[in-house]
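*Asks:* Sequence:
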Amino acid sequence: MSSPPARKRGVVKKLAIVAVVLVVLIACLEGAFRWVIFSESDFARRWGYSIRRASMYADRWNEDDYWYLDQLFRGEPGLLPRPSFDPWLGWRSHELKPNGYDHFARETLDGRRPILMYGDSFAMCMTESEQCWEGLMEQSDLGKQYKLVNYGMRGYGIDQINILMRKSLPLWKDLNPIVIVGIYLEDDLDRAWLKFRGWPKPYFRLQDNQLKLQTGKLEYFDENALAAYETDISSYLGRFVMFHPAFPSKLRDRLLGKQNLKTDIQNLSIAILDSMSGYLKQQELQYFFVLFHGEKEVGELKPKTWHEPACIDSFTRLGSDWVSSRRVIQRDWLDTGRSLDDYFGHQGYLIGHYSPLGQRVVFRAITDGLAGKFEREYMRCGCQPDGFYALPDQAQSQFLFASSAPCQRFGFDHAVGVKLAAGTVKLVWVLDGRCATFHAKLVLPEAPRAEGAPPSEPRTVKVTVKNGNNVLQEMTVVGGAEPVPLEVRVGRGPRFEVMVQVPDGTKDDGRLLLGDVEFR
340 MSSPPARKRG VVKKLAIVAV VLVVLIACLE GAFRWVIFSE SDFARRWGYS
390 IRRASMYADR WNEDDYWYLD QLFRGEPGLL PRPSFDPWLG WRSHELKPNG
440 YDHFARETLD GRRPILMYGD SFAMCMTESE QCWEGLMEQS DLGKQYKLVN
490 YGMRGYGIDQ INILMRKSLP LWKDLNPIVI VGIYLEDDLD RAWLKFRGWP
540 KPYFRLQDNQ LKLQTGKLEY FDENALAAYE TDISSYLGRF VMFHPAFPSK
590 LRDRLLGKQN LKTDIQNLSI AILDSMSGYL KQQELQYFFV LFHGEKEVGE
640 LKPKTWHEPA CIDSFTRLGS DWVSSRRVIQ RDWLDTGRSL DDYFGHQGYL
690 IGHYSPLGQR VVFRAITDGL AGKFEREYMR CGCQPDGFYA LPDQAQSQFL
740 FASSAPCQRF GFDHAVGVKL AAGTVKLVWV LDGRCATFHA KLVLPEAPRA
790 EGAPPSEPRT VKVTVKNGNN VLQEMTVVGG AEPVPLEVRV GRGPRFEVMV
840 QVPDGTKDDG RLLLGDVEFR
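Numbering-wise (our numbering), the sequence shown opens with residue 340 and increments by one.
The hints are simulated quantities; they were obtained by calculation from the structure and are not laboratory data. No incorrect hints appear here.
Straight-line alpha carbon distances no greater than 25 Å define the calculated SDA-like cross-link-like pairs of lysine to any residue that follow:
| hint | residue 1 | residue 2 |
| --- | --- | --- |
| 1 | Lys780 | Pro824 |
| 2 | Lys597 | Glu569 |
| 3 | Lys620 | Leu510 |
| 4 | Lys635 | Thr466 |
| 5 | Lys506 | Leu619 |
| 6 | Lys712 | Pro453 |
| 7 | Lys635 | Glu525 |
| 8 | Lys506 | Lys556 |
| 9 | Lys506 | Phe535 |
| 10 | Lys620 | Trp661 |
| 11 | Lys551 | Phe535 |
| 12 | Lys780 | Pro822 |
| 13 | Lys601 | Gln553 |
| 14 | Lys597 | Asp547 |
| 15 | Lys534 | Phe377 |
| 16 | Lys534 | Asn438 |
Restraint ranges, calculated between C-beta atoms of paired labels, are given here:
| hint | residue 1 | residue 2 | range |
| --- | --- | --- | --- |
| 17 | Pro416 | Asn606 | 21 to 31 Å |
| 18 | Asp652 | Gly711 | 19 to 29 Å |
| 19 | Gly596 | Ser479 | 49 to 59 Å |
Where is the CB? At the ideal position from N, CA and C, for every residue including glycine.
Could you put together the complete structure from these sequences and hints?
*Replies:* Below you can see the structure in the form of structure tokens.
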């Protein structure tokens, strides 16, 4: 009969063997997994095709490894042509003159005042130049007075935009240029965190609350550099599990040590935005920012991520002006009854970018800025919004504007969309006693139907306007393209409500639009 110590040693030995077997098994699985996703053999390519996607192993918003894997798996963006390489920016536009940061457009100024446009692909445009900002400027009445010089470059973040602006603007100072900085809200701020985005790029970090450029001159990135790139990924099999849609994102961030990364990126972005505003103010030039909204944000009543509020907070603190693509697109959407899809491209390089129509519409925001009509004028509100409530099953509180600066309009020139779903949708404002009349235009677009399908019965909604318990007006809005005017006396109650009752059975396929909303 064995003694207890002997039995204990036997158990420990068995556990050690099991542990060794598990380690060997995991190592073999990891090796096999890497062979499937990285091997050039036909068998591996065929079996690993569906899992050779960078998004299965890394985060495109904050991990350089995502962009290396995307380069490796898809060959995009491809090796950088030598004339496009820039040691300070990473890559540069072919519109820039060699050996410096002057622009070929200088040769066609013809005595006109230059407008320097900085930004990423939304500033550069993914269409022909005739359909881009410089072409639209030439075709407009303003083309006789101004020449738009496009410094936009695909893939840039606000860090590269900041560097290019500082290197090129001094070349134009004697011509008293107007400076426009375009910021694509869905990506440009996050890009500033990256060190590699298809190719090496400059990057900043905060040190003792000061913005510090971490890179000097960059080296050209060729095939040898790509082959020598080493990721920070220790287990691709583990990453594959963690980046599966069913895996909890918070747990993934904890395992990867990224709990505080969002805050770090926000702080860095705000510091770069402040740096740009501060530099432009020092130049004593006319300037403003353009906020470009992508498909995810342009139709919303308020920002869903931190990016837009961070920009507006920085602009407000430092006294910078800005214009918004969302406002002009929603204005056109209301006026024309178009689909929001019409403002974006859906093929090739245009995917996710503005279509030629979208660029023509957003150009109105740029001309607003040139005329001194900035977004802060639309954001003032003497009738403080309490929120928008969708009842009974959509318990959400949304704010279109939440400023208490004194004036007498709310959401003027801005379309408010009420999502159509069976039930009652209530829009509520808290009034401050100065507003006497409420004006709006209501549009209920026709329900979409398949090609060749017979027309359906026009849908209808009932609209009730109340102040407290007092019903001020009731009306039925029938589907169609023509706006229905609404004008009511506000009354003395503290809560002004527009209630939209949607009949049962209504498909969730559109919105009732309130445009030209104004309190007087």
